[in-house]
Every structure is written in C-alpha cells, then in structure tokens.
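K.L.:
Sequence:
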Amino acid sequence: MRIFKRLVWVCLTACISQPSLANTASNLTTTITQTITQTINQNRDVLYQAQESTQPAVSISFDGQFDTCRDEFYQQTAPTLVGTAGKKLSTLAQPLCFSGFATLHSGVARTPLWSASRLSKQRIQQARQLSRVDNFHPELRLPATERAELVDYRRSGLDRGHVAPNGDMADNESQYASFSLANIAPQNGEHNRNVWRHIEIATRTLAIQYGEIYVVTGVAFLGKTSERIGGRVLVPSHFFKAVYIPSLSAAGVYFSPNDATGKYQIISLSELASMTGINAMPTLPMHIQNTAYGLPAPMTEKQAEQVLEANANSWLQLAHAAWRYLVELLNRA
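When the letters of the sequence shown are read in order and numbered with mature numbering (1 follows the signal peptide of the UniProt record, and there is no 0), they come out as residues -22 to -1, 1 to 311.
To be clear, the hints were calculated from the coordinates, so they are not data collected in a lab.
Misleading hints may appear alongside valid ones.
Unchecked claim - Under the rule of at most 27 Å between Cα atoms (straight-line distance), these lysine-lysine pairs were calculated in the BS3-like manner:
# : residue 1 : residue 2
1 : LYS66     : LYS280
2 : LYS99     : LYS280
3 : LYS65     : LYS202
4 : LYS241    : LYS280
5 : LYS65     : LYS99
Given the structure is predicted, the values throughout are model-derived calculations rather than measurements.
Starting from the given sequences, assemble the full structure and let the hints guide the process.
P.N.:
What follows is the structure, encoded as structure tokens:
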C-alpha cells in the first residue's frame, strides 16, 4: 500500500511538471522504475532483520547440573544443545556425573547423547596399567522407563559400545563407571572393534603428545533412525568424538557412520553442532569452532607407539641441538 501511494504521488507530480505528453510518459517510466528500486532496497534489510529477530537461536544449557564433574569440560562449561535438533534432544535429557567423565543421557533414546572427559598424559599412562574388567550394569539413578537394561542388548546383533572409552579410565572406580549402560550405545561390531577403536587410540595418543586434551564423545540420530533393540534402545546412525588441544588452540571432530564400512571424516565443531544440535565446546572462540583441525588418522596400538617414539626422538634431537648451540656460545665467550 505504501509503494502504491508513492507511485500515485509520483504520477501526479510528473504530469503537472512536464509540458510535453511524450516527455511526461518517458520521464514517468524512469521515475516509477527508480521509485520501485529505491523502495525495495530501503525495505529489504528491514525485512531480513525482522525475520532474524523473531527467530532467536535456541541454546539449552545443563551447566548447573554438573557441579561435581565440571573439571571434565573445557573451561568447566558443559556442552549445550542448540537449534531445532538440540531442542528435540533435550526431551528427557538427564545430566549425570561419574568418576572420570560426565554424561548427558537421553531417556528417549535410552543412550547417552554425549560423554565428556579431560584427558592428560598422566591419566592415559595410568589407564594403560589397568586391566579391563567387564561389568556392564543398568544405571539405577535413571527412572526404569528411561534407562536401558542388559536384556535390551541380548541377541541384538550389536555391541554394547562405550561412549566414554574404558581405555581412558585411570582407576577401578572410573572403569566400573564406564560400564554403566548410561554410557553405552548400540554399536555395529565391526565399527566398534576397528575404525572406532583406532580413533580412540589416536585420541589417547594426542593426550600423551600434547599433555592435555578435552574430549566430547557422542552419538547422532540422523535420517531414518527408528531401529530400536529390545524394542526400547534407539540405534545411533553415527558416532562422533570432538577433540580440543589447548596447546595448539585447535579442535576437530571424528565423525563416523555406525556401520561396517570403516568410513570417517574430520569436521569442525560448528559442523557438528549444525548436524546434531550438540555444541560440544561452547566457550571456544568461533574461529576455532569453525575450523576443522587435521586430527591424526585412526591408528593401531603399534602405530601409536611408533608415533610416540618418533615424537620423543624429535624432542631429543631438538634438546641436543639446543645444548650444542649453548656450548658453542659459551666457547665463544
């Protein structure tokens, strides 16, 4: 209506001010075109701003419910659920603190959405000395209607896959906690024992190399994810492992389909949030969240030992070179 009124005013003004009808028609066409263009340009930004302001980003935090395990998070800040996908995930979401990790459990899926840990060189070295003792058990802190039971996995054809890995646990208490079904998701056996296991080894190797890393491991339910084992526990379409290396100020995410293909990709934290609704490390600067750091390829234990040996040798060579340089300086003095 506003554009129409302005055009009427333009027409009247042009007709009165122009002595020639031909000139009036030509000028009127030009003036109308300019008026429409100017009006659209003036209103376009306002229109987009109005759309953005009426659709604020959804961000759901559970920070206040992780008081006893917040040291497992970077800057003691838990992952947030964002966007439409995050809002859906928040239904029946239950924060849980364990010895050695923190978990956000879904009472809808009856699996964790994510588990988070701070991994240090010392912790991984201690974990290597610990023998694995399987002790899968239901999480009794959860309501019976929202938790998985051992019977749900029986004859399912899928593994009981750790989200926070048993291999990251440095003592008996945290190892036992890692076998809680609140930290377990149905996982393809080939995936669990091959590419995912090798991703876990690569991640522990990073902790030894750089002294400290923060890890958020989780599951995603993308596409058609209606399969439930035992008629109750939802089968994830993907597993992910987000890694932040403070000494490098760099982060990346292993993202792998829950199947036997052995496929995986490295994505950014922002891509993970966009796809899954999980912002794994919300306090990191956006330029770090937007950049997918080149995490190492999945590796076997033997390959990990070779990487660490090469890394140790490089430091020895650097120290030797520094010592020789210092000796030469002293001799010249």
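K.L.:
Taking the hints in turn, state whether each one holds.
P.N.:
Each hint, compared with the structure:
| no. | hint | verdict |
| --- | --- | --- |
| 1 | LYS66 <-> LYS280 | violated (42 Å) |
| 2 | LYS99 <-> LYS280 | holds (18 Å) |
| 3 | LYS65 <-> LYS202 | holds (18 Å) |
| 4 | LYS241 <-> LYS280 | holds (21 Å) |
| 5 | LYS65 <-> LYS99 | violated (36 Å) |
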